[in-house]
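*Asks:* This is what each chain is made of:
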Amino acid sequence: MSSENKDFGKNKAFLIDMTKCTGCRGCQVACKQWNQLGAEKTEFFTGEGYQNPPLMSEYTFTRIKFRDYEKNGQNEFAFYKEMCMHCNEPACASVCPVGAFKKTKEGPVTYDADRCIGCRFCMVACPFGVPKYEWSKALPLVRKCTGCYSRVKEGLKPACATTCVSAITYGNREDMIKEANKRIAARPEKYLKKLYGSEEAGGTSVIYLTALPFDELGFKPVTKRPLPSYTWQALRLVPGIFLTVGSSLSLLSWFNHRKERIAKEEEQRKSGATPKEES
Amino acid sequence: MTAAKIIVNEIKGYHRFVKFLIVLVSLGALASLARFVFGLGVTTNLNDTFPWGLWISFDVVTAVPLAAGAFTLGAIVHCFHIKKLEPLVRPAIVTGFLGYSLVCVGLLLDLGQPQRCWHTMVYWNPHSPMFEVSMCIAAYTTVLFLEFLSPVCEKFGYHVPLRLLRTIEMPLVVAAASISTLHQSSLGTFFLIAVDKLHSLWYNPLLPLLFWLSAMCAGISIIIVEATMSHKYMGQPDESELLETLAKILPWGITVYLTVKVFSLVALTEGPLFNRPGLLVLFAVEVVCGVLLPLVMLMNGNVRENNRLRATAAWLVIAGVILNRFNVSMFGMEAPGTFYYPSFLESVVTIGIIAAHILFFVLIAKYFPIFEHHPETVDYSIPDHFRKNEQGHAHGAAKA
Ligand code: SF4
Ligand code: SF4
Ligand code: SF4
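Protein chains in written order, with the working numbering: chain B, 1 to 279; chain H, 1 to 400.
Please note that the accuracy of each hint is not assured.
[Claimed, not checked] To give an idea of the interface, some chain H residues facing chain B are shown, with a C-beta separation under 8 Å as derived from the structure: (1) Phe36; (2) Pro51; (3) His81; (4) Arg116; (5) Thr120; (6) Asn125; (7) Met130; (8) Phe131; (9) Tyr158; (10) Thr167; (11) Glu169; (12) Leu172; (13) Leu182; (14) Thr189; (15) Leu192.
Source of the hints: derived by calculation from the structure; they are not laboratory data.
Given the structure is predicted, the values throughout are model-derived calculations rather than measurements.
Glycine is no exception: its CB is placed at the ideal position from the N, C-alpha and C atoms.
Please model the complete structure; the sequences and the hints are all you need to start from.
*Replies:* Set out below in structure tokens:
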């Protein structure tokens with residue numbers, strides 16, 4: 001988790017160009033099919049926009065968010081594919097007490113359901129609100145996008161990236177960043193000059209390109225520092241504190257008890273009693 | 001008479017209040033059964049936006065500092081050697097042991113897969129504060145159990161284990177203090193990962209230190225309250241003189257806490273402080289009623305000498321710590337426009353856990369010698385002969 005020297009450039013990453021997304025939601029369906037996720041009963045206009053279902057959930061690992069806005073007096077739509085960001089240094093993996101989350105060397109962050117004890121710390125920790133819970137079950141587990149690790153391991157692309165004809169590109173992270181910058185340079189009037197995911201939470205394996213400001217699309221502003229470092233700065237002191245407190249208290253009590261023992265012996269010697277008769 | 005009959009008769013003789021507690025505990029047990037049958041989603045108000053609710057906020061994050069009396073007092077009495085406070089140690093240990101056992105119960109209820117709780121012992125992730133806390137709680141509950149064995153052995157007159165327990169008493173006290181330091185502070189570390197979630201009124205890098213300091217203040221206050229109440233309601237010896245000593249130590253703890261809190265708020269906080277009026281009110285109540293007011297009260301000698309006022313100040317400190325833990329783990333974590341409140345079942349379980357604590361304390365106090373003054377035979381040298389101890393026991397038993 002504290003992997004200072006690891007080079008994430010060779011990790012596989014998604015480049016999602018939202019100016020090219022048509023909102024067909026093919027990726028949403030492909031994800032459900034590959035992961036065999038159940039359908040959700042949906043209603044229109046329940047969430048903040050036109051999207052369905054209203055939120056990611058145990059049945060929906062990725063979804064397209066709709067944002068309507070006005071451009072030159074015209075109503076326009078913007079789309080945002082919401083999914084696990086597969087952080088370079090994932091908060092979920094760092095806080096999981098049993099190490100159920102893992103950043104694989106290929107890039108995706110996987111989840112080992114056999115280890116999980118269901119403490120839901122990963123849900124509290126993830127800055128993007130990704131891990132979801134099986135609230136309907138008596139003994140629930142966590143669910144989230146695994147970056148189609150089972151496919152990626154075999155050299156295939158994730159299901160959503162395979163389905164999408166236009167907006168999703170999949171490849172080495174450094175190439176994706178290069179490609180994104182190339183697109184911005186080619187059409188500076190179209191793109192916002194910022195890549196979401198290049199630095200967020202210490203960098204992620206999902207990179208977004210948009211035309212609209214990110215906060216308007218519902219992207220969360222996230223710290224640039226890798227999240228595990230926030231807790232690690234306190235946790236790394238643990239062994240030291242343990243030894244310091246333990247040894248100073250031991251010394252202190254040894255010293256105080258010795259003082260008392262000496263005083264007692266002194267008293268006994270004065271009164272002339274043998275040590276055995278005290279008490 | 002069969003054993004069952006004896007037990008029934010015994011229970012019939014209990015005070016009304018104790019019977020009431022038994023009812024509450026049974027209700028709580030039923031409610032927790034419902035959680036396993038119907039699932040967390042149906043029985044609680046938790047959802048993907050609020051994965052942690054009342055059970056984490058109260059049963060774990062708040063109950064742990066409230067059980068801090070044992071280690072604080074243990075360190076004060078044994079390490080700093082303020083020996084006259086010794087009579088308070090045993091009740092504090094019993095409270096601590098009960099507190100931690102019930103924290104474990106609360107944690108198990110909240111886990112999605114409680115049958116796998118042993119996984120934390122097998123799959124280590126030292127980067128996780130949760131791993132650290134669960135290891136510490138397991139270790140510390142064991143330590144408290146061993147410390148608690150002393151009155152049990154005394155009751156049944158098991159001399160050899162008693163001698164053994166006396167021998168390891170000091171190492172246990174030191175272990176208790178160091179382990180507690182770790183997990184009390186690591187509960188604060190939990191929330192360091194919630195970088196953009198916890199409001200900056202509470203989020204700062206010194207959160208672990210603040211948790212540890214406030215836990216000690218809460219621990220001392222709990223002892224004051226507990227001794228006052230068991231004197232008043234259970235006919236136990238009056239320890240006011242000792243409590244005055246504790247009440248003299250307490251303002252020092254609060255002052256250090258306040259200093260660190262102000263420093264971290266002024267110098268280390270990054271986000272905006274005044275953008276959420278509701279949270280601001282909670283913060284103000286926490287600091288004014290839970291920190292400043294008891295501090296001013298306890299600096300006054302008259303307050304420290306007056307049983308009622310002293311207990312009131314201690315109650316304020318406790319309330320302040322409770323509010324603080326809720327602010328950090330619940331209110332401060334809520335995004336604007338969202339709201340979580342515990343469901344009926346969640347509340348019944350928590351009430352049951354609190355009732356269980358009081359109930360077991362009363363029962364243990366009834367059957368075990370926890371309020372007796374430690375006989376002078378407690379010396380911490382390597383045992384030379386076992387008879388010395390026996391005399392001490394006879395002396396203790398005569399009183400019982
Ligand atoms: S990302 Fe591609 S597949 Fe998904 S909605 Fe947009 S265009 Fe369709
Ligand atoms: S987005 Fe959340 S769940 Fe996904 S890898 Fe990052 S921290 Fe983990
Ligand atoms: S809920 Fe499971 S995966 Fe998430 S932190 Fe807890 S043990 Fe790990």
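*Asks:* For every hint, state whether the structure bears it out.
*Replies:* Status of each hint after checking the structure:
With a cut of 8 Å, the hint placing Phe36/H at the interface with chain B holds, because the nearest CB-to-CB distance is about 6 Å. At its closest, the beta carbon of Pro51/H sits 4 Å from a beta carbon of chain B; the interface hint therefore holds under the 8 Å criterion. Annotation: interface hint on His81/H holds; nearest CB of chain B at approximately 4 Å, less than 8 Å. For Arg116/H, the suggested interface contact is upheld, since its CB lies about 5 Å from the closest CB of chain B, less than 8 Å.
The interface hint given for Thr120/H is met, as the beta carbon of that residue sits about 5 Å from the closest beta carbon of chain B, less than 8 Å. At a threshold of 8 Å, the smallest CB-CB gap from Asn125/H to chain B is about 4 Å, leaving the interface hint in force. The criterion of a C-beta within 8 Å of any C-beta in chain B is met by Met130/H, whose closest approach is roughly 4 Å, and the hint holds. The interface hint given for Phe131/H is met, as the beta carbon of that residue sits about 4 Å from the closest beta carbon of chain B, less than 8 Å.
Interface restraint check for Tyr158/H: the shortest CB-CB distance to chain B comes to about 20 Å, outside 8 Å, so the restraint is violated. Nearest Cβ of chain B to the Cβ of Thr167/H: about 13 Å, over the 8 Å cut. The hint is violated. With a least beta-carbon distance of about 10 Å to chain B, the hint placing Glu169/H at the interface is violated under the 8 Å criterion. Proximity of Leu172/H to chain B is violated relative to the hint, the smallest CB-CB distance being about 12 Å (cut-off 8 Å).
Proximity of Leu182/H to chain B holds as hinted, the smallest CB-CB distance being about 6 Å (cut-off 8 Å). For Thr189/H, the shortest C-beta to C-beta distance to chain B is roughly 5 Å, which falls under 8 Å, so the interface hint holds. The closest approach between the C-beta of Leu192/H and any C-beta of chain B is roughly 5 Å, which is under the 8 Å cut-off, so the hint is satisfied.
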